[in-house]
Each structure stands twice: as C-alpha cells, then as structure tokens.
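One line per chain: the protein sequences are A and B, in this order.
When we follow UniProt numbering, the leftmost residue of the first sequence carries the number 1, and every step to the right adds one.
When we follow UniProt numbering, the leftmost residue of the second sequence carries the number 1, and every step to the right adds one.
Honestly, the hints are just simulated from the structure, not real lab data.
Here the structure is a predicted model, which is why all the values come from computation and not from measurement.
Each hint should be verified, as a subset may be incorrect.
Below, in silico cross-link-like pairs of lysine-lysine (BS3-like), each with a Cα-Cα straight-line distance of 25 Å or less [stated by the list, open to error]:
1. A:Lys37 to B:Lys150
2. B:Lys136 to A:Lys136
3. B:Lys121 to A:Lys105
4. B:Lys37 to A:Lys105
5. A:Lys121 to A:Lys37
6. B:Lys105 to A:Lys37
7. A:Lys121 to B:Lys121
8. A:Lys105 to B:Lys105
9. B:Lys150 to A:Lys150
Spelled out, the chains give:
Protein chains: 2
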Amino acid sequence: MTTLYHHPMSAASRFVRLILQEYGYQYDLAEEQPWEKRREFLTLNPAGTLPVYVDDNMRVLSGATVISEFLDETHGVLKRDRRLLAEDPFQRAEIRRLTEWFLEKMEQDVTMPLVRERVFKLQMPPTMGGGAPDSKILRTARNNVRQHMKYLGWLSASRPWLAGDRLSYADLAAAAAISVLDYLGEINWQENPEAKEWYQRLKSRPSIRTLLTERIRGVTPVSHYADLDF
Amino acid sequence: MTTLYHHPMSAASRFVRLILQEYGYQYDLAEEQPWEKRREFLTLNPAGTLPVYVDDNMRVLSGATVISEFLDETHGVLKRDRRLLAEDPFQRAEIRRLTEWFLEKMEQDVTMPLVRERVFKLQMPPTMGGGAPDSKILRTARNNVRQHMKYLGWLSASRPWLAGDRLSYADLAAAAAISVLDYLGEINWQENPEAKEWYQRLKSRPSIRTLLTERIRGVTPVSHYADLDF
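Let the sequences and hints guide you as you build the complete structure.
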C-alpha cells in the first residue's frame with residue numbers, strides 16, 4: 001500500500017491527506033520528525049521536506065505540489081465533477097495560485113513560525129534548536145494571521161468556494177493550514193464570520209473530520225477544534 | 001501581446017523567459033523592482049512575487065509554477081518531442097521535484113540571499129533595507145553553493161539531462177538559477193566539471209543566449225558570463 005510520510009502539524013501533509021481522503025484512496029501513514037534529518041528519510045527526499053509519498057513499487061514523490069499534481073493526473077482526471085482541479089487552464093491556474101498562497105506564503109508568514117515556536121521547539125532536543133518560544137516571532141506571526149484571515153474572508157464572500165464554483169485543491173490547502181492554526185487556538189472566528197461559514201462547510205466533510213480527531217502529544221487543542229459549531 | 005513582469009536577477013523570471021523562448025512565444029517584458037511593492041503590481045499579484053504573466057485579455061497568472069503549468073497545458077502539449085514536461089506522470093513528478101529544488105530550495109539557500117545582499121541592497125533606498133551586504137549571510141550562502149553544485153554535478157553525471165533523457169523544465173530551472181549566480185561570479189567551474197559540461201550544452205541554446213547578453217545596472221558580470229568556453 002502507498003505510504004505517506006507526514007507530520008500531524010505540517011499543513012502540506014494535511015493537504016495531501018485531504019486529497020487522498022476526498023478521493024477515497026487507501027494509504028498508510030508514517031510520522032516523521034523533519035528536524036531529525038534521518039538519513040533514510042533524506043534518501044527518499046534530499047530536500048528533507050514533508051510530505052513524501054512512496055507507492056507499492058517504492059517509487060517516491062516528494063512535496064505537496066508534486067504529489068497533488070500526480071494525484072490529479074492519475075486519479076482526479078477520472079472523477080468528473082468531483083475532480084479537485086478544474087478542466088480549464090485559467091481556472092487551474094487560479095486553483096494553483098491559491099494552493100501556493102496557503103501552503104507557501106501563509107506557511108512562511110504564519111503557520112511555520114507558529115508551529116515551530118509552539119510545537120516543534122517543545123519536542124526538539126536543545127542541540128537541535130528546542131527550547132522556549134521566541135515571543136518576537138510569535139508576535140509577528142500573530143499579526144500576519146489577521147491579514148491572512150481577511151484575505152480568506154474576502155475570498156469566501158466573493159465565491160461559492162475559494163477558487164470558484166467547485167470545491168478544489170485551494171479549499172483543501174486553506175483548510176489544511178487553518179486546521180493547524182485552529183488546533184493551536186490562533187484563529188479569532190468572531191472577527192471573521194465569512195471565513196467561519198466557509199470553514200464550517202469544510203468541517204462537515206468526512207475527509208477533514210477524521211483528521212480533526214487526532215491529537216498531538218503534549219499540546220491540547222482548543223475546545224471547539226473538532227466541533228461543527230464553534 | 002502577453003506581458004511578463006520580471007526582474008533580470010530573479011531566477012523564477014528567467015525560468016519562465018526560457019520556457020517562452022524555447023517555445024518561440026512572443027512577449028513583452030516589464031521590469032519590476034519587487035521591494036517597491038507598487039500598488040498596481042500588488043493588484044496583479046497580491047503575493048508581490050515575480051514573475052507575473054498578463055495576457056491580451058488582461059488575464060493574470062502569478063508565479064513560476066502556475067505559469068509553467070499553464071504553458072505546458074496550452075503550448076507544451078502541442079510540441080511532441082520538444083515538450084518540456086514529460087507525458088508519464090512519474091517522469092512529470094521528477095521534473096517538477098527538480099524544478100522546485102532549483103527555484104525554491106536553492107533559491108532560499110543560495111540565490112535569493114546572494115542576489116539580495118549583492119544586487120538588491122545596492123538599488124534599494126536605505127529606508128527599504130538598502131545598504132552594505134551582510135558578510136555572515138554571504139558566507140552561509142557561499143557554503144551552500146558548494147552543496148548545490150555537487151548535487152547538480154551528480155545529476156549531470158547520472159543522466160543525459162537533469163530529469164532524464166530529454167531537455168525539460170528541470171534543466172531550464174537549474175540554468176535560470178545558475179546563470180544568475182554565474183553573473184555574480186559565485187560559481188567555481190573548475191571544481192564542478194560535470195555541471196560545467198551540462199551548462200555548456202545549455203549555453204549553446206538560443207533561448208539562453210539572448211538572456212546572457214543583458215546587463216544589470218551597476219553590477220558587472222564575470223568575464224566568461226556569456227562565453228561558451230569558460
């Protein structure tokens with residue numbers, strides 16, 4: 001069976017899991033601590049990033065973009081109106097732009113700094129950079145959350161789904177990042193009613209509900225984390 | 001005509017120009033200083049990154065990945081054995097993995113720090129971060145160049161072209177980054193004979209030769225920059 005190397009607090013890993021679950025694809029999970037830079041893991045993916053997808057024939061795909069394009073070519077193309085990338089090249093471009101927005105720009109501005117400071121540093125040994133969170137980094141990232149939530153709210157208000165009329169990779173990428181931040185209690189839903197309405201729709205999907213039942217060692221999620229009503 | 005917003009020292013911009021030139025596509029160039037964060041430019045691409053592609057109908061595509069996938073879907077697919085992405089999904093994945101390697105990992109480890117410290121800081125006003133280069137950042141980036149050149153050399157020695165038997169996006173992405181670094185004299189070709197042999201083949205292509213005739217204001221390239229013999 002296909003194995004997905006992932007970390008539960010990696011938005012890119014959650015994104016690929018959501019795609020696999022939306023398409024009803026069976027796979028095994030292997031948790032990887034990316035800061036350990038294990039030699040066997042670097043042999044699979046010299047970039048050392050998550051997620052990594054290894055199929056039955058030990059063929060390896062590395063990174064959320066590479067894996068999601070592969071899944072579109074091998075699975076999505078057969079799914080008709082449940083396909084998560086559009087047919088039209090311009091619509092595909094808009095879906096890809098937003099996917100990149102949530103998994104790269106938001107990752108750098110918000111998700112990765114907050115996850116590193118609040119989760120990874122708890123689990124890393126001091127020799128690898130573990131220790132107390134840096135309050136300046138937290139402050140900057142928390143300011144950035146607000147801007148990103150405004151943009152998400154604006155997209156939610158302008159379109160049925162984030163990239164257009166249909167659920168797409170853009171929604172799954174945003175849900176992946178938002179669910180990580182919501183676990184950590186970093187999202188003010190009162191301030192963002194339109195984004196909240198969109199996330200409620202996402203949360204009602206079975207693909208995301210299984211993800212929301214998982215807990216990270218040593219970090220308790222906010223009380224509403226898995227609730228449809230929040 | 002299509003307009004490409006670019007910067008001459010942006011590897012991602014060079015990558016898209018190389019694709020357009022390999023496919024014989026006519027386009028206009030508009031130079032953008034990304035640190036200025038011009039309001040009109042942010043309207044085109046809220047992420048503020050280069051390149052940005054605007055077609056005749058004012059439809060906008062942002063970012064090298066989005067643009068290159070669009071060009072494959074609208075042009076590459078018609079090019080048969082001159083197509084720059086493969087047909088097979090696993091080969092496409094390998095081309096995308098390496099494209100991302102050169103335009104994202106190498107960009108963060110090497111290209112962007114060196115370009116920012118050595119070029120952008122010369123042109124930026126002090127209020128936007130201009131000034132003298134930071135020698136610690138230069139030292140770290142120069143150490144990283146060596147590792148990246150080893151990987152490029154290993155790929156060049158193992159395969160006819162970087163991702164397999166045919167010229168692909170992977171070669172153009174690598175050439176885009178390497179040509180920026182070579183302009184700045186940051187590459188030791190003596191230490192990397194296999195990468196050199198690969199780059200000589202790239203340099204003989206008309207798509208890259210036009211790029212190598214351009215000069216950046218205030219920064220002189222190394223003497224061998226545009227030469228086939230270096």
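Here is what the structure says about each hint:
1. A:Lys37 to B:Lys150: holds, 19 Å
2. B:Lys136 to A:Lys136: holds, 22 Å
3. B:Lys121 to A:Lys105: holds, 23 Å
4. B:Lys37 to A:Lys105: Given that 25 Å is the threshold and the Cα spacing comes to 16 Å, the pair holds.
5. A:Lys121 to A:Lys37: holds, 15 Å
6. B:Lys105 to A:Lys37: OK: lysine 105 of chain B and lysine 37 of chain A at ~16 Å, within 25 Å.
7. A:Lys121 to B:Lys121: The hint is violated at about 33 Å.
8. A:Lys105 to B:Lys105: Holds, at roughly 15 Å.
9. B:Lys150 to A:Lys150: At roughly 44 Å apart (the allowed maximum being 25 Å), lysine 150 of chain A and lysine 150 of chain B break the hint.
Checked against the numbered hints above, the structure breaks hints 7 and 9 and satisfies the rest.
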